[in-house]
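Asks: The residues making up each chain are set out below.
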Amino acid sequence: DQQVKQNSPSLSVQEGRISILNCDYTNSMFDYFLWYKKYPAEGPTFLISISSIKDKNEDGRFTVFLNKSAKHLSLHIVPSQPGDSAVYFCAATGTASKLTFGTGTRLQVTL
Amino acid sequence: DSGVTQTPKHLITATGQRVTLRCSPRSGDLSVYWYQQSLDQGLQFLIQYYNGEERAKGNILERFSAQQFPDLHSELNLSSLELGDSALYFCASSVVVGQNTGELFFGEGSRLTVL
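Chains as they are written, first to last, in this note's numbering: chain A, 171 to 281; chain B, 42 to 156.
Derived from the structure by calculation, the hints contain no laboratory data. There could be a bad hint or two in this list.
Within a straight-line C-alpha distance of at most 16 Å, the following computed EDC-like cross-link-like pairs (lysine to aspartate or glutamate) qualify [unchecked claim]: (1) K50(B) - E212(A); (2) K175(A) - E94(B); (3) K241(A) - E144(B); (4) K268(A) - E94(B); (5) K238(A) - E212(A); (6) K268(A) - D81(B).
It should be emphasised that the depicted structure is a prediction, and the values quoted were computed from it without experimental measurement.
Okay, chain B solo, but in the shape it has when bound:
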């Protein structure tokens, strides 16, 4: 158990809809990261938040947005969903103190299926 909790574990929805994925980081971790893993692809970095502020942005579509709340949990909002958005979405957390050494703790992922 990594200590990172993601909900829901599975989600099936239709094209054009909007969903919200939730992540609770490990206790004490200030950074939250979101990654997308499509079929046979590596983990694609979407976005990072540190203590409520956006820290780094990757290949995140404009239809997607995220935020980190004062209690440090994070939500990833996906809107106007397309078939190609079907993927595993991972949340990860870390303690960022000075130089980031890159070791992240991942949740079990939220599997999104868009029909």
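Only chain A is shown next, with the shape it has when bound in the complex:
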């Protein structure tokens, strides 16, 4: 049972444009959501997070939006840069304290 879903395996965006990565979840007990970025041959690194009491969190070029009623979150990257090319994982956690990850979306930012 995939509780965190990233339905787009890949996304290609031109440099300077907006990248929007989407994530859906099914478990209503999740109350904290995170995005991780992963480059080849490296471990995932934390990017940005959002608590369920908020609907938006910004950190520089990265903004995460949470729509609790739709059980949907998205990561916006503006403007996209070639160095943003990586696999992005959405993750969620609740009181069980373990993170549940999605399958990832590979973002390619083209020149």
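Starting from the known structure of chain A, arrange chain B on it as the hints suggest.
Replies: Frame of chain A; chain B shown alone:
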């Protein structure tokens, strides 16, 4: 550099064998997590230890076991290996103080190939 060290980085072995993966968490982190990433899959949570005690368990097979030692390093033991166990195994650590906010620091992973 996340501060989490995993060894070995690569391991090739045969079916039926047993391997041990090692993880040293970031200095000061009490929690260690193990995740498995198979081809085209997300990271599947296996198990969490906190200060030497098992804290949470995920989809960990009975053939797999883990422990966290007094110096806080952790080992993941995989036995009776099957072809399907070929995967990237990540260790992560965090400081768990009260409510776990979920931010983990990952090592570079150990790539296991079972032939």
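Asks: Any hints from earlier that this structure breaks? Give me their numbers in increasing order, please.
Replies: 2, 3, 5, 6
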